[in-house]
Amino acid sequence: MHDHTTPTTPAASATSAGSATSAGSATSAGSAASAASAASAAEDDHVYLSLAGATPGPEGEGRWAYGTGFADPLLGVDTTLPAGLDGADLAAYCQMLGDDALVLAQRLIEWCTRAPELEEEVALANLGLDLLGQARLLLTRAGQADGSGRTEDDLAYWREDHEFRNVRLVETPNGDFAYSVARLLLFATARGALYEALAGHPDPVLAAVAARGVKELAYHREYATAWTLRLGDGTPYSAERMQVGLDAVWPLLDELFTAHPVELRVGVDPATLREPVLRELAAVVAEAGLTVPDVPPLATVLGRAGRDGVHTEALGPLLAELQVLARAHPGATW
Amino acid sequence: MTGAAEVTVRATADPVTGTAETATTARDRAWQVAAAVPDPELPMLTLADLGVLAGVEVDGGSGTVTAWLTPTYSGCPAVAEMAADVDRRLRAAGYPDVRVRLRLDPPWSTDLITAEGRRRLAEAGIAPPHPTSAVAAGSAPGPVALTLGPTRTGAVAPVTCPHCGDGDTEELSRFGSTACKALWRCRACREPFERVKEI
Chain Y
-17 MHDHTTPTTP AASATSAGSA TSAGSATSAG SAASAASAAS AAEDDHVYLS
33 LAGATPGPEG EGRWAYGTGF ADPLLGVDTT LPAGLDGADL AAYCQMLGDD
83 ALVLAQRLIE WCTRAPELEE EVALANLGLD LLGQARLLLT RAGQADGSGR
133 TEDDLAYWRE DHEFRNVRLV ETPNGDFAYS VARLLLFATA RGALYEALAG
183 HPDPVLAAVA ARGVKELAYH REYATAWTLR LGDGTPYSAE RMQVGLDAVW
233 PLLDELFTAH PVELRVGVDP ATLREPVLRE LAAVVAEAGL TVPDVPPLAT
283 VLGRAGRDGV HTEALGPLLA ELQVLARAHP GATW
Chain Z
26 MTGAAEVTVR ATADPVTGTA ETATTARDRA WQVAAAVPDP ELPMLTLADL
76 GVLAGVEVDG GSGTVTAWLT PTYSGCPAVA EMAADVDRRL RAAGYPDVRV
126 RLRLDPPWST DLITAEGRRR LAEAGIAPPH PTSAVAAGSA PGPVALTLGP
176 TRTGAVAPVT CPHCGDGDTE ELSRFGSTAC KALWRCRACR EPFERVKEI
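As you go down the protein sequences, you meet chains Y and Z in turn. At position 276 of the first sequence the residue is numbered 258 (the working numbering), and the sequence of numbers has no breaks. Throughout, the working numbering is defined as the position within the second sequence, counted from one, plus 25.
If you are wondering where the hints come from, they were derived from the structure by calculation, not from laboratory data. Accuracy of the hints is not assured; some may be wrong.
To be verified - Computed beta-carbon distance windows for the label pairs:
#, chain 1, residue 1, chain 2, residue 2, range
1, Z, Asp84, Y, Pro299, 49 to 55 Å
2, Y, Glu257, Z, Gly86, 54 to 60 Å
3, Z, Pro183, Y, Gly129, 35 to 41 Å
4, Y, Gly129, Z, Asp191, 41 to 47 Å
5, Z, Asp130, Y, Pro243, 41 to 47 Å
6, Z, Gly192, Y, Thr315, 45 to 51 Å
7, Y, Arg261, Z, Asp191, 39 to 45 Å
8, Z, Arg212, Y, Asp251, 36 to 42 Å
9, Z, Gly80, Y, Val274, 47 to 53 Å
The C-beta atom is built at its ideal place from N, Cα and C for all residues, glycine as well.
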């Protein structure tokens, strides 16, 4: 209800224009709606008008950053660490999952103004927004769990590439639309399965992020599946491009199922997801009339990969763009 | 909106001096104030209509009001506005000490939108969501989850046009101006409309 993903895109304008037309066409429903919204607009003295009178709460929750305040995504949530959970491990795990979400969100958002259709641009930005929301919660949790008190912004903007724990799958450049769809299919299928398993995690914050993430990732998976079917089952050329996309992204899949010691200690062993996820992916690929790629996994560096902070050369430039503003104006708020 | 009128009435009362009232009454009064706050992006709905307001409590001793909100989507950027609005309305109604808290569990679902909320959505030209149980049963459009088959886009679905009431509608895009809405079109009256997606 409250997600201005791309409020200034022509899509949004077109939608409003459509609504305005319908309201103006004097159907009784349209007239009632416009009257109601006019009334509520008059009554609803918006929050921006009263910013000057705002005061932070006694526990510091009423921070008026970003113009409105209440910037903490875990505002008032009980953040006590459950007994038996190691804070450093939980923090590292939340960073892994949070970095996956943050980096893929950044890649998805790069499609803005570049997608083949306006609707797809809006869709990809919406998916990125879901992931960004998950990343905010997970990184905030990470900063609490390790006792460092680092905020989501500290972690997102002030770490170097070797400190990021995301899998390499999410950081590779977008490629063409088929590659991005293939990447999204792999990630959404695997992450949806992981979130399902994590919904019963002893950490209540991680469990809550996962429980809601399951529902969001279902839409991501559906989107990627629909496009895989449409391209694979389309023209010979679209099928060829989709197959090339799958072939190119498939070597990065194995890392999603390769356990880091932290994952074994505090999370779900991703190796347990390999079989069900591969089965689901194979079903989609078959339905699309394509072939499951038979390619070896991308090589690691002495067994170390994204979860260890060993990344491809693509992550640095991505982070440079993501972090440049925060680093140019340290501590700035607006 | 009737809810806003309610706020005006409450604001003239002084809840702090109402020492004789029961705890339940005090909570109900605070609930009324918080429940009347409009959603920042769907102002025809209140936070109570939307199912975002998860609870309100008043501490009988200190008079502190605590309001819990359940955010909709993980990436919902309006959570801050909602929290600030609730905080401001409660303070304006005379409660000097207000805490706004987020409640993440259980997660928000479109099933929490009230009947009144659904009515107001339709009245504003936005098709309300189906029950998520209907989606799970496969009889309504929604996330396909793991089951495969023909995509739902373009499939015959029981979505009624909020403008003309006709059932001959089609989905144009699963993703619309906000994360929670899809873009649809009525084949009968040819008008586009938005529809709240089940989640």
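Checked hints:
{"no.": "1", "hint": "Z:Asp84 - Y:Pro299: 49 to 55 Å", "result": "holds, 52 Å"}
{"no.": "2", "hint": "Y:Glu257 - Z:Gly86: 54 to 60 Å", "result": "holds, 57 Å"}
{"no.": "3", "hint": "Z:Pro183 - Y:Gly129: 35 to 41 Å", "result": "violated, 52 Å"}
{"no.": "4", "hint": "Y:Gly129 - Z:Asp191: 41 to 47 Å", "result": "violated, 59 Å"}
{"no.": "5", "hint": "Z:Asp130 - Y:Pro243: 41 to 47 Å", "result": "violated, 28 Å"}
{"no.": "6", "hint": "Z:Gly192 - Y:Thr315: 45 to 51 Å", "result": "holds, 50 Å"}
{"no.": "7", "hint": "Y:Arg261 - Z:Asp191: 39 to 45 Å", "result": "holds, 41 Å"}
{"no.": "8", "hint": "Z:Arg212 - Y:Asp251: 36 to 42 Å", "result": "violated, 50 Å"}
{"no.": "9", "hint": "Z:Gly80 - Y:Val274: 47 to 53 Å", "result": "holds, 49 Å"}
When the structure is compared with the earlier hints, violations turn up for hints 3, 4, 5, 8 and for no others.
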